Amino acid sequence: MTDIHKTIVVTGVGVVSPYGIGMGCLQAGMLSGESCLEPTRDVYPGFEGTTAQVRELAPLEELSSSRYSRTDRLATVAAQDAMANSGYDSSTFRDSGIVMANTVGGLTEIDTGIAEDPAAWYRRPGSLLRGASYPFAHVADAVGEHFGIRGPRCAISVACASGAMAIALAANMLLDEAAPIMLVGGSDPLCPFTLSGFNSLRALDPKPCSPFDQNRNGLNLGEGSAVLILETLASATARNAKVLAVLRGWAMTNDAFHTTAPEKQGSGLADCIKLSMEMAEVSGDEIGYVNAHGTGTPLNDIAEANAYETAFRGRSRPIPVSSTKSYFGHCLGAAGALEAAITIMAVRAGALLPTLRLADPIDSPGVDWLRGKVKRQPLPLAMSVSSGFGGSNTVLIFGSGRS
Amino acid sequence: MTPNLPPVTITGIGSVSPYGPLAGLIPQSSLERPLEPSPITAWTSAGPRRAFLVQPFRPASVVPGLKTRRLDRLSAWALVASSLAIQDAGIDLSQVDRSRVAVVFATAFGCVELTEAFYLSAAANGWNGTDPTTFPETLASAPPSHVSLFHGLRGPNVTVSNKDFAGESALIQAASLLRHGQADLAIVLAGDALAQTLYSWYEAAGLLSPACYKSGPLPEAGGFIPSEGVAALVVESSGRRNVRPNVRPYARIGSGRWAAGGQPAEIIRQMLGGAVPSLTVCSGNGAPCATSSTTALAREISGDGAVIIPPQPFAGGLAGTGALFHLILALSSRPISGQALLLGTAGDSGFAALLLELP
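As they're listed, the protein sequences go chains A and B.
Under the working numbering, the first residue of the first sequence is numbered 1, with each subsequent residue one higher.
Under the working numbering, the first residue of the second sequence is numbered 1, with each subsequent residue one higher.
Among these hints, one or two may not hold up.
[Stated by the list, open to error] Derived DMTMM-like pairs (lysine to aspartate or glutamate); straight-line CA-CA distance at most 25 Å:
| hint | chain 1 | residue 1 | chain 2 | residue 2 |
| --- | --- | --- | --- | --- |
| 1 | A | K264 | A | E309 |
| 2 | A | K264 | A | E278 |
| 3 | B | K214 | B | E203 |
| 4 | A | K274 | B | D97 |
| 5 | A | K373 | A | E309 |
| 6 | A | K373 | A | E286 |
| 7 | A | K207 | B | D97 |
| 8 | B | K214 | A | D117 |
| 9 | A | K375 | A | E286 |
| 10 | A | K274 | B | D184 |
| 11 | A | K373 | A | E34 |
| 12 | A | K373 | A | E38 |
| 13 | A | K207 | A | D89 |
| 14 | A | K375 | A | D285 |
| 15 | A | K6 | B | D184 |
| 16 | A | K264 | A | D360 |
| 17 | A | K207 | A | E61 |
| 18 | A | K264 | B | D97 |
[Said to hold, decoys possible] Pair by pair, the computed Cβ-Cβ distance ranges are:
| hint | chain 1 | residue 1 | chain 2 | residue 2 | range |
| --- | --- | --- | --- | --- | --- |
| 19 | A | P39 | B | P219 | 52 to 62 Å |
| 20 | B | E36 | A | A120 | 24 to 34 Å |
| 21 | B | S29 | A | D117 | 34 to 44 Å |
| 22 | B | G216 | A | S66 | 33 to 43 Å |
| 23 | A | C25 | B | Q270 | 38 to 48 Å |
| 24 | B | R70 | A | P59 | 21 to 31 Å |
| 25 | A | P39 | B | P64 | 46 to 56 Å |
| 26 | B | S333 | A | E286 | 50 to 60 Å |
| 27 | B | G262 | A | P378 | 21 to 31 Å |
| 28 | B | G273 | A | E281 | 27 to 37 Å |
[What the hints assert, rightly or not] Quick partial rundown of chain A residues pointing at chain B, CB under 8 Å, derived from the structure:
| hint | residue |
| --- | --- |
| 29 | T103 |
| 30 | V158 |
| 31 | P192 |
| 32 | F193 |
| 33 | T260 |
| 34 | A261 |
| 35 | Q265 |
Calculated from the structure, these hints are not laboratory results.
A quick note: this is a predicted structure, and the numbers were derived from the prediction, not measured.
Even glycine gets a Cβ: it sits at the ideal position worked out from N, Cα and C.
Just need the whole structure built from these sequences, with the hints factored in.
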């Protein structure tokens with residue numbers, strides 16, 4: 001029997017993505033197979049590649065004591081969209097907690113001059129406030145202060161698993177009664193620092209990426225933010241909130257293998273998948289779709305395929321898997337939250353999204369690599385998988401509100 | 001944190017700080033003379049500048065076999081502090097299911113030294129000529145990743161931050177992982193390394209104490225002295241600790257709360273559920289008003305008779321990540337027992353409180 005005090009539900013989803021603001025344009029774009037990846041030259045001089053950018057992000061009214069970085073603005077707009085999506089204004093969330101993931105923090109506001117001569121850089125007008133936005137904790141504060149939300153605030157930075165891990169930790173906080181409602185998500189913008197970093201690692205595909213393809217050639221970076229509103233079913237029921245999905249299970253593991261490379265057999269990720277299914281009390285057969293991490297790098301995708309082979313061994317038919325990074329790239333600290341939002345959308349719409357540009361999939365008999373057209377079918381349970389540098393893995397399982 | 005959940009226990013302490021690399025509590029001999037800020041020599045400035053600094057040491061001399069040549073100081077200190085805490089807890093990791101060991105790391109600024117280095121490589125070579133070995137190490141989560149990698153820890157690996165209460169929130173998140181069965185044991189780390197960009201920001205913002213510019217007795221107020229270091233605690237679920245003989249429990253963590261606003265006294269009293277701690281350890285982060293607001297809140301909660309250990313200058317110099325050092329310094333400074341409150345405030349903008357049971 002469901003314990004409504006221990007059942008975590010999603011009652012709002014807000015997104016800012018290269019498709020625009022809101023789930024509506026994200027869903028319309030993805031279901032129509034539209035890719036936001038495009039040739040890019042303007043992120044820094046000399047860069048030529050492919051990215052997906054958020055256009056027309058309107059400026060926010062800033063508090064006098066603070067300056068919003070692009071990371072802050074993406075998160076704040078997504079939080080606003082989540083609250084609007086839930087049908088309540090910000091006063092409902094005054095005592096809520098906030099967990100916001102990111103990896104970039106205020107690096108968008110800083111340039112090389114800060115390292116060459118910090119004292120001179122801080123003498124520039126506005127630089128003290130720009131520098132103050134650097135810590136990755138600033139994003140949670142920006143969201144909280146903008147909306148007057150005063151519950152516990154926490155920032156998470158666990159490389160590309162950040163957004164998903166934020167959701168897992170926020171769910172723990174609800175079980176701990178740390179706050180009645182949690183606003184949780186991730187946010188990361190494109191910036192020269194990260195684009196240069198991935199470029200230096202030769203991890204970028206200069207063309208639109210093709211995750212899980214035999215001929216994949218790396219990742220593309222995107223930007224965006226997603227914020228979910230989480231609460232217990234008891235809380236949602238008490239305030240008559242609409243339940244969009246149920247967070248059935250979550251788990252976190254670490255590969256303890258390498259600082260950047262995943263363990264080739266994907267054993268840490270397979271363990272994480274199994275732990276999440278144990279928590280959700282579901283079998284591999286019950287998972288209808290996996291929204292994969294699927295970066296498109298040679299090492300990630302093969303490790304991930306191996307993880308699915310291990311974790312879903314014994315399943316009666318291949319597990320349907322796709323990477324939605326093929327639509328608007330890898331949004332780093334926001335990726336896990338955006339992909340959680342996409343997974344919820346898939347569950348609600350009964351839509352299995354294909355990986356775009358997947359022509360010749362990795363040979364993996366236990367996996368049904370989704371490609372071509374969107375598959376329409378009832379989807380009671382779906383999984384979102386995230387991994388990151390440093391070996392961190394996080395898996396979330398969402399069920400329809402009806403289940 | 002739900003009060004009726006079983007408590008978790010701190011069983012090991014390790015640290016790298018101006019007191020040096022240490023397993024366990026800080027020795028009385030070190031505490032007897034006040035810690036003084038040291039001159040900064042890592043960068044040039046217009047006149048002498050001082051801070052509470054970790055003196056250089058060779059990590060492999062503290063932890064045999066430890067290789068830190070490619071790491072920044074923060075990652076190296078995290079490795080040393082975690083190793084010392086595990087040693088202090090008497091844990092043989094070869095006998096532990098390491099898939100059940102979590103690492104939770106609190107930092108305000110992450111690997112800022114390497115972020116500076118990456119910017120310098122971009123300034124020197126252009127953004128298309130940056131250093132690929134530096135980039136992954138600039139991530140705030142690099143230090144705990146190295147801890148997991150070095151010790152083979154395959155449980156959750158989490159990096160958290162909060163402007164004022166990163167250390168407290170790491171401790172609360174770690175306790176939560178144990179209580180929800182997502183790990184049996186957690187290494188909780190908190191700290192930062194001081195870099196030129198940070199120090200220059202504090203200076204430009206007018207936050208520094210006069211003691212940063214000249215030696216002499218530490219002033220009571222008028223700014224803070226930046227500091228650096230990493231503290232590590234081993235935290236175990238009580239069930240696990242009970243099966244290990246001869247374990248020294250430093251403290252049990254009963255419950256914890258933090259928030260960015262609201263009525264702190266009311267929320268903390270609700271958390272205490274009628275308990276009246278006889279001791280409050282203040283964990284202010286060095287903001288000029290932290291001492292007075294934290295002390296006032298402690299008196300409001302526990303009454304005038306309660307013993308209050310004020311924020312310590314060194315731990316207060318760690319912006320937001322000093323809580324673990326405040327606790328270690330308090331446990332090191334005097335024999336204490338009973339219920340204690342680890343309490344931090346940030347002016348009017350928030351608080352963090354953990355109820356501790358000291359043996």
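Which numbered conditions among the earlier hints are violated in the structure presented, ordered from lowest to highest? Going through the list in order, the structure violates hints 7, 13, 17, 24, 27, 34, 35 and respects the others.
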